[in-house]
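Q: Model the full structure from these sequences, guided by the hints.
As given, the protein sequences belong to chains A and B, one line each in that order. Heads up, the first sequence is in this note's numbering, so the first residue is 1451 and it goes up one at a time. Heads up, the second sequence is in this note's numbering, so the first residue is 1451 and it goes up one at a time.
Rather than coming from a laboratory, the hints here were simulated on the basis of the structure. Nothing here was measured: the structure is a model prediction, and the numbers come from that model.
Identical copies go unnamed one by one, so any copy, or any two together, can satisfy a pair.
With a straight-line Cα cutoff of 30 Å, these simulated DSBU-like cross-link-like pairs (lysine-lysine) come out:
#1 Lys1479 x Lys1709
#2 Lys1709 x Lys1767
#3 Lys1767 x Lys1499
#4 Lys1499 x Lys1475
Residue strings, one per chain:
Number of protein chains: 2
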Amino acid sequence: MTAFKTDATSTTNSSPAPGSKERVKQFMKQLQDNICNRLEQLDGASTFKEDLWEREEGGGGRSRIMRDGAVFEQAGVGFSEVWGDQLPPSILAQRPEAEGHSFFVTGTSMVLHPRSPYIPTVHLNYRYFEAGPVWWFGGGADLTPYYPFAEDAAHFHRTLKGACDAHHSEYYPVFKRWCDEYFYLKHRQETRGVGGIFFDYQHGTGGLYRGHDKNGAAAAYSNQLGEIEPRRWEDIFALAQECGNAFLPAYVPIVERRKGMEYGERERNFQLYRRGRYVEFNLVYDRGTIFGLQTNGRTESILMSLPPLVRWEYGYKPEPNTPEADLYETFLKPQDWANWTPATSENI
Amino acid sequence: MTAFKTDATSTTNSSPAPGSKERVKQFMKQLQDNICNRLEQLDGASTFKEDLWEREEGGGGRSRIMRDGAVFEQAGVGFSEVWGDQLPPSILAQRPEAEGHSFFVTGTSMVLHPRSPYIPTVHLNYRYFEAGPVWWFGGGADLTPYYPFAEDAAHFHRTLKGACDAHHSEYYPVFKRWCDEYFYLKHRQETRGVGGIFFDYQHGTGGLYRGHDKNGAAAAYSNQLGEIEPRRWEDIFALAQECGNAFLPAYVPIVERRKGMEYGERERNFQLYRRGRYVEFNLVYDRGTIFGLQTNGRTESILMSLPPLVRWEYGYKPEPNTPEADLYETFLKPQDWANWTPATSENI
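A: This is how it looks when you write it as structure tokens:
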């Protein structure tokens, strides 16, 4: 159990640090830069094109997209900062204290659609909100494999767990469950993939778990986080930075391991079919997408997460005893990936 | 101006006719049969496969899908009847009088995805609700062309207008505007296509226009419909039947006119790209999709409307002075298609 970093002043201080908006914004831009640089290096064939945009009601961003790469069929990495008079209803419902205050939001978000069906699709988003007296961090990263490689799922989870554990050992168990709950397609009864970490509304005191489903497993775990409160702004910013910076070491080794593997039409067809689930999730459930569309965000940037090519097939079911069936049976249900070992593989 | 069919008893009678549920259900099944038979004939190569399904909480349906046809890359035509204890919140918000009553819904819905980019995608849905003292009919049909043929849009609208006009000359103007408003992608600022007709909550008295946007153009027109109230159940059922039966004569001639036209990769790519808008509409806005997912409907049947193959492309814009640009400039904005003539073509 890692000790939680606290000091005498932290018990009463839940205000943002001086220059909070600027500091978080600089981090978000740096995270975008770091990710884009490494992905270009990894791809070797294509590069990012950048669109700078402004939002009429306040703010703007830089959307970067790489297309037709050797590794990445499409990679979208966005930075944005947005401000305005009033948060949209979907957010105010969760944080009523922000009502009547102007708001500031900055964040980095990313979705990668690799060409090879053996390389998982991956999503990252970190964001920071300030609205009058309230502020919070949110974000996470989750992995969506098309083919079932347990060691990839385990590596991704362990790396993110390491980042969380450096701050408190109770973070990962809560954020991992929160991710499993959030990235869940109710109408399919499937997780979006093998998950990762997800958190929202992380601030000084209270509301550690204020998600869409307060009766879920993560809510039951939030009491454990309650014991480490109050937390300072600096502590939570440091946590968000560590999680954001853990993305490349969590994902890049998986790409390097899989990118040389040959595949055929069967695997490609399955990938295109499974990409349909990504579209369904993003358009039906995703909070970031809904927030963007509600705040008159830049549509092309918001929907940059959608895959370049997708199939739907009525009534598809994988054939028994195939890798595709294994994906459904094991990888589209929550698993304790951080504790996976080759020996336990038969049990999950 | 067509006279509205009414009689002395109609002014007090807004109850359903005896056997209402069974009669509407039989009509909905017959409509599905008629459409499937004609589409098979038109396609000539593929046939519909049927899945019968039951809903645990009450009801069931028959989903029919044709795939890999000569004309239709995918055609889904569904019939369903569903009952339960309580309508879902999204419907109760529109019809609070139904609160606390069990409900019955039956309907036919259809989406056709032709192979040729010159043949428009088309959607039809007619439905009937009863919940305690309240009942209503809803539905419509709308056309989504990929390439701009004004005479096709005009033919589709005129045929549906003829069906409406047989009941009252004020129906078409309202239902046409309602369709333009309903099938609108706010985040793209585009209509889904050239529209057609759409109505909801059609019952004996009041509520002629109770859509999602009471400030829209159709609302302004609903006063004109108010003058023809009260209407008998029989009158509205007859209207729904006439509109449903008008689908084949509205659409089949367009298919016959376009199916022989050759196309290339450019047209196919544009079609796949534009199909993305269909996905965006159905998953983000469509009332039928949301109703289905909220009532624990059969996911495969609900999402049978999604296209078999779709592209997204960040930042796509059509080149000026191309047919693709013409689609955006003229066909994705509301137009008075019923009054189109070759001579007016320059003005729209």
